[in-house]
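**Q** If you read the protein sequences in the order shown, they are chains A and B. Following my numbering, the residues of the first sequence are numbered contiguously, the last one being 731. Following my numbering, the residues of the second sequence are numbered contiguously, the last one being 780.
Calculated directly from the structure, the hints in this document are not laboratory data. All residues carry an ideal CB built from backbone N, CA and C; glycine is no exception. Hints may contain errors.
Below, computed lysine to aspartate or glutamate pairings styled on EDC-like, alpha-carbon distance capped at 20 Å [unchecked claim]:
1. B:Lys-421 / A:Glu-341
2. A:Lys-596 / A:Glu-694
3. A:Lys-276 / A:Glu-316
4. A:Lys-405 / A:Glu-377
5. A:Lys-276 / B:Asp-413
6. A:Lys-596 / A:Asp-714
7. A:Lys-276 / B:Glu-414
8. B:Lys-421 / A:Glu-316
Label pairs and their in silico Cβ distance ranges [what the hints assert, rightly or not]:
9. A:Gly-60 / B:Pro-481: 52 to 58 Å
10. B:Pro-481 / A:Gly-513: 43 to 49 Å
11. A:Pro-249 / B:Val-405: 19 to 25 Å
12. A:Glu-356 / B:Asn-570: 55 to 61 Å
13. B:Ser-434 / A:Asp-704: 29 to 35 Å
14. B:Ser-621 / A:Glu-356: 50 to 56 Å
15. B:Ser-434 / A:Val-262: 43 to 49 Å
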Amino acid sequence: MEALGGIAKEAGAVTTLTHPCLCEEAGIKAVRDAAAEHSLDGVLIAACSERSKREAFRGFEGDDKGLYRVSLREQVAWSHPAGEEDTRMLAEDLLRMGVVRLQKTTPTRPLDEEVDGTVLVVGGGRAGMEAALAAADLGHPVVLVEAQARLGGHLAMLSSLVPVRAPYATPQPNDTDELVSKVLAAPDIRVLTSSKIARITGQPGQFHIELSNSECSSTCRVGAIVQATGARSYDPKRLGHLGYGVSPDVITADELEAMLVRGAVVRPSDARTPKRIVFIQCAGSRDPEHLPYCSSECCATTLRQVSGIHSANPEIETVVVYRDMRTPGQLERFYLAVQEQAGVLLTRGETERVEANGKLRVHLKDSLLGDAAVLEADLVVLATGMVPNSADGEAIRELIDARKRAETSESKTQREESCNRSEQLAHHEGTEILNLVYRQGPDMPALRYGFPDSHFICFPYETRRTGIYAAGAVHAPMSAAEAAEDGWGAAMKAVQCIEAARRHEAVHPRAGERAVPDFFLQRCTQCKRCTEECPFGTLDEDEKGTPELQPLRCRRCGICMGACPERIINFPDYSVDMVASMIKAIHVPEEYDEKPRILALLCENDALPALDAAAAQGRHWNPWVRVIPIRCLGSINIVWIAEALGRGIDGMILIGCKYGDDYQCHYVRGSELANTRVGNVGETLQRLVLEAERLKVVQLAHDEFERIPEVLDGFAKELEDLGASPLKGF
Amino acid sequence: MVSSAAVLSSPSFRDELLRRGGKSAGRCYQCATCSSVCELAPAEAPFPRRQMLWAQWGLTDRLVADPGVWLCHQCNDCNVRCPRDAQPGDVMQTLRALAVEHLAFPSFLGKLVGNVRFTWPLLVGVPVAFWFFLVALSKGFAIPDVDAELSFVEGRFHYDGFIPHELIYAVNLPVAAWVALAAWVSGRRFWTLLGGSGASRSGSFLAKLVPALVEVATHKRFSSCSAAGQRRWGHFGVMWGFVGAAVTSGLLVVYLYGFDMYPLPLTHWVKWLGNISAVLLVVGGGVLLANRLRGGRQAGSSTAFDSFFLGIVLAVIATGVLTEAGRFLFDPAIACVVYVMHLGVVLTLFLTFPYSKFAHLMYRTLAMVHRMMVAPNQEGRG
Chain A
2 MEALGGIAKE AGAVTTLTHP CLCEEAGIKA VRDAAAEHSL DGVLIAACSE RSKREAFRGF
62 EGDDKGLYRV SLREQVAWSH PAGEEDTRML AEDLLRMGVV RLQKTTPTRP LDEEVDGTVL
122 VVGGGRAGME AALAAADLGH PVVLVEAQAR LGGHLAMLSS LVPVRAPYAT PQPNDTDELV
182 SKVLAAPDIR VLTSSKIARI TGQPGQFHIE LSNSECSSTC RVGAIVQATG ARSYDPKRLG
242 HLGYGVSPDV ITADELEAML VRGAVVRPSD ARTPKRIVFI QCAGSRDPEH LPYCSSECCA
302 TTLRQVSGIH SANPEIETVV VYRDMRTPGQ LERFYLAVQE QAGVLLTRGE TERVEANGKL
362 RVHLKDSLLG DAAVLEADLV VLATGMVPNS ADGEAIRELI DARKRAETSE SKTQREESCN
422 RSEQLAHHEG TEILNLVYRQ GPDMPALRYG FPDSHFICFP YETRRTGIYA AGAVHAPMSA
482 AEAAEDGWGA AMKAVQCIEA ARRHEAVHPR AGERAVPDFF LQRCTQCKRC TEECPFGTLD
542 EDEKGTPELQ PLRCRRCGIC MGACPERIIN FPDYSVDMVA SMIKAIHVPE EYDEKPRILA
602 LLCENDALPA LDAAAAQGRH WNPWVRVIPI RCLGSINIVW IAEALGRGID GMILIGCKYG
662 DDYQCHYVRG SELANTRVGN VGETLQRLVL EAERLKVVQL AHDEFERIPE VLDGFAKELE
722 DLGASPLKGF
Chain B
399 MVSSAAVLSS PSFRDELLRR GGKSAGRCYQ CATCSSVCEL APAEAPFPRR QMLWAQWGLT
459 DRLVADPGVW LCHQCNDCNV RCPRDAQPGD VMQTLRALAV EHLAFPSFLG KLVGNVRFTW
519 PLLVGVPVAF WFFLVALSKG FAIPDVDAEL SFVEGRFHYD GFIPHELIYA VNLPVAAWVA
579 LAAWVSGRRF WTLLGGSGAS RSGSFLAKLV PALVEVATHK RFSSCSAAGQ RRWGHFGVMW
639 GFVGAAVTSG LLVVYLYGFD MYPLPLTHWV KWLGNISAVL LVVGGGVLLA NRLRGGRQAG
699 SSTAFDSFFL GIVLAVIATG VLTEAGRFLF DPAIACVVYV MHLGVVLTLF LTFPYSKFAH
759 LMYRTLAMVH RMMVAPNQEG RG
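Model the full assembly from the supplied sequences, consistent with the hints where possible.
**A** In structure tokens, the structure reads:
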């Protein structure tokens, strides 16, 4: 310990102290006393991982440079044998890096921004109304904008709702009208029907909204936005193989619902009561040709309709053909209650086609009967899925760019390519909902299947536009009850965002963070990499293409910092120079020492916790590895690679989150961007006469702690086979 | 398997299933827990999951041609384990009843017994009344006197003065011939349908009948049941009691006409055989009755079709035992009335054999032989 203190002093520490238990009151007091005595502006704690005991060390953040923590417990004591030279060298390097890190931290300048507490809710369906009520309950004024002339959305048109209370056996009355009355009566909710959003500018806490309806336009300022624009049913005209459009007696669940609301269910062709109604589930759902996903609600809706038909007229026989009956939670009881009624048959099978000449015949294949099966029907009901009422902001932006290029481009092939691209994207024209005046497009980026979600499991309600939250069926296909809950959740997030903006703090995932990136614009070359690659649309552009930071949109991932070829984007507490200096602080032994060095840059969200967990499990790994935790793999600037390998460090491994459709990156595409960028450094490596194998990118999930020592040891083995870096000693 | 496409039946079959007590079939969601827990289901054609689906669809043609319906012994392991309480064991029982009715010759008798819920007074009343009428007609209901000289073990009186043996044989032999004919026609229908259900048979019928009968005799399959294990011994007792009683009746004819020995003394070995059979019947019947009365999922639910057969069997046992006991203990008048009733319920049991649950004796044996001919190497399980 004393020796380590010496190393720290050598590296630039003013004073050092050792204490058996830093995180307890006496330890904290000792640290504070030492800081006061020496007028310190920063403190380095070399103890447990920065992920442990966060509460105990709270309060140091307010100091100029604050606190940095070196993980001696996880990265040294638990994971390496005591008393060995390699272990000692590792601890010394970690300490040197820590001191440098603090030295390179500059004070954070506070923002000065006015914040408005109003919540804008877009869409007056169940989710929107519940979000409005929830936000109003929390003391925030609400502006509720609805495109239709009335509130209520899709649910207002239903004869009943799926049961949400015990015994879950029969549908419950539709209570949408009561909810509408409640919203209309709420004093803090301003309801604007038949209205649309013309323009949104600004950032969380300071959104400026321009609204328009047929009569007038108005403006308002809001702090956060909930998009609850719902979903529409899949277009049945594309389901000709199921008889839609071929026979008038093939109808959709919506059309049946309209009949149930009016009263009697009849065949459209002859207005007579059908003897047998066949429901086809997954009509155009879970089908790569149509909607590839499950809308999760159609099964319950069908059960509700069957129940309604049966209670009105038990003589009508109903048959439900399903692929999988999906009735999550207590709806299992509803399923049973409907299924055991006489005259109701629920049977598994894939509907191949509906024959519609004369009598309707539903042809099934892959039924549990082990062969083909046929159902005669008087009326066929198609249970169609949900399509989100969203707009793909990125696609719209791309369309605009492609059109511009098609006109202005000098090369003929480029003009043609742009023309083709704009034709492909033409269907996005006029789909705008939020009309954001953002560099990256007028709406939120739609993720898979057009749902503007972020990460459904890890970060519910988050979208890729800070301060704008999706709720209800536009967020994911869901039931009325789920939409209500989703509305509350999104309202909570909106309120949380407003409160964070008031304190000038970041929202998820670096909640509480105050420092924002600083752009040294004199050296900006307007390459637009930062404005294009920011996953959250934080940066706008002026006419020349110079980035304009909207600080309250920023999530502090540092992806812009990693993108900038001029290295002019830096945070006060996280910069290109800081990490480069930390790399410089690593002591690289001469080649004849046979002590290779490996630099591991670990994502602080997934790889670092995995490493800590591996250490807690008593796993050991190669002592040549030096770990620097980073905010996101996307924040890795290429100069770090040159810096490390140029100093004779034998290899560099970047461990980040999984990317792709099922990405786990907290910043959506940081690890993917890092992978692309690293792919482009081949040339740099060649210039340094280095093998490409010395640089490796690995995807690792939070729970893969079993794997991480293997990954590190494996890389060390590969490097050993490759031999020492030829750049040692230069 | 049947190659043509399955067509959902009109609601009538499914209504019939509901009416007969197969209501719970509607609850099945085809998880196949039942087939997995069934100890008797053969691996290549497990039941009752598939039969539950056929029942839901009302695929009568498949159900009547299916050996699985009969290979089921209603252990009710499935009833106990079914996560949806769809009571597959009970549904299979209803399906057997419907199959019996469907295969019956002549079909109107099948319907008559099939609707036993309403027709049972007729089915019991007519044969009993017939015997009272016949006795009155032949000997004018002459109650025999108590012969004080006879020792206790010889009995206080004899029934042959009341009803001559010839009369009994004159009725029962033609009835037996008729029942055999009706059962033969129904059994043949079933055998043909089984053969047409896809799987090809090999080996001779008789060669496979022997192991099938051995299985029946030992009740080996029943021993696999875990939910209702005690039923094995009840069924075992009743079956062997009936066999013993039948053999006793045959031997009596031999002694009566071959050796002119009547009455046989109570100590005679044939009498011993008859009385041991009676004990088996009483104990076995009691176990079965107790199982029913105890209820619960493992017992299954009782339908009229099921209860009728059990009731007739119990009535035959009770009247038979009382008839014998009457010779030693009762007033001759009471004993004679019981005797006539015994002859009546025996006649009901005979006549309804091809149409009641009794027919399972034939259909199950045929199904077992069929299965052995289809899958000769898989006799171990199922």
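**Q** Taking only the CA atoms, is the gap from Lys-276 (chain A) to Glu-414 (chain B) under or equal to 20 Å?
**A** Holds, because 18 Å separates the two Cα atoms, which is no more than 20 Å.
**Q** Holds or violated: Lys-596 (chain A) and Glu-694 (chain A), Cα atoms, limit 20 Å.
**A** holds, 18 Å
**Q** Given a hinted range of 52 to 58 Å, is it respected by the beta-carbon distance of Gly-60 (chain A) and Pro-481 (chain B)?
**A** Distance hint for Gly-60 (chain A), Pro-481 (chain B) holds at roughly 55 Å.
**Q** Lying within 55 to 61 Å: is that true of the beta-carbon distance Glu-356 (chain A) to Asn-570 (chain B)?
**A** holds, 58 Å
**Q** Lys-405 (chain A) and Glu-377 (chain A) were given as a pair; does the straight-line alpha-carbon distance stay at or below 20 Å?
**A** violated, 56 Å
**Q** Can the suggested window of 29 to 35 Å be confirmed for the beta-carbon pair Ser-434 (chain B) and Asp-704 (chain A)?
**A** 32 Å Cβ-Cβ, so the 29 to 35 Å window holds.
**Q** Is 43 to 49 Å respected by the C-beta to C-beta distance linking Ser-434 (chain B) and Val-262 (chain A)?
**A** Taking Cβ atoms as reference, Ser-434 (chain B) and Val-262 (chain A) lie about 44 Å apart, which means the hint holds.
**Q** With respect to the beta-carbon atoms only, verify the hint that Pro-481 (chain B) and Gly-513 (chain A) lie 43 to 49 Å apart.
**A** holds, 48 Å
**Q** Range hint 19 to 25 Å: satisfied by the CB atoms of Pro-249 (chain A) and Val-405 (chain B)?
**A** Cβ of Pro-249 (chain A) to Cβ of Val-405 (chain B): about 24 Å, so the range 19 to 25 Å holds.
**Q** Mind checking the alpha carbons of Lys-421 (chain B) and Glu-341 (chain A) for me, to see if they're no more than 20 Å apart?
**A** Holds: Lys-421 (chain B) and Glu-341 (chain A) sit about 8 Å apart, inside 20 Å.
**Q** Are the Cα positions of Lys-276 (chain A) and Glu-316 (chain A) separated by 20 Å at most?
**A** Satisfied, since the Cα-Cα distance of roughly 7 Å is no more than 20 Å.
**Q** For a C-alpha distance cap of 20 Å, please report whether Lys-421 (chain B) and Glu-316 (chain A) respect it.
**A** Within the cut-off at roughly 17 Å; holds.
When each numbered hint is compared with the structure, a violation occurs for hint 4 only.
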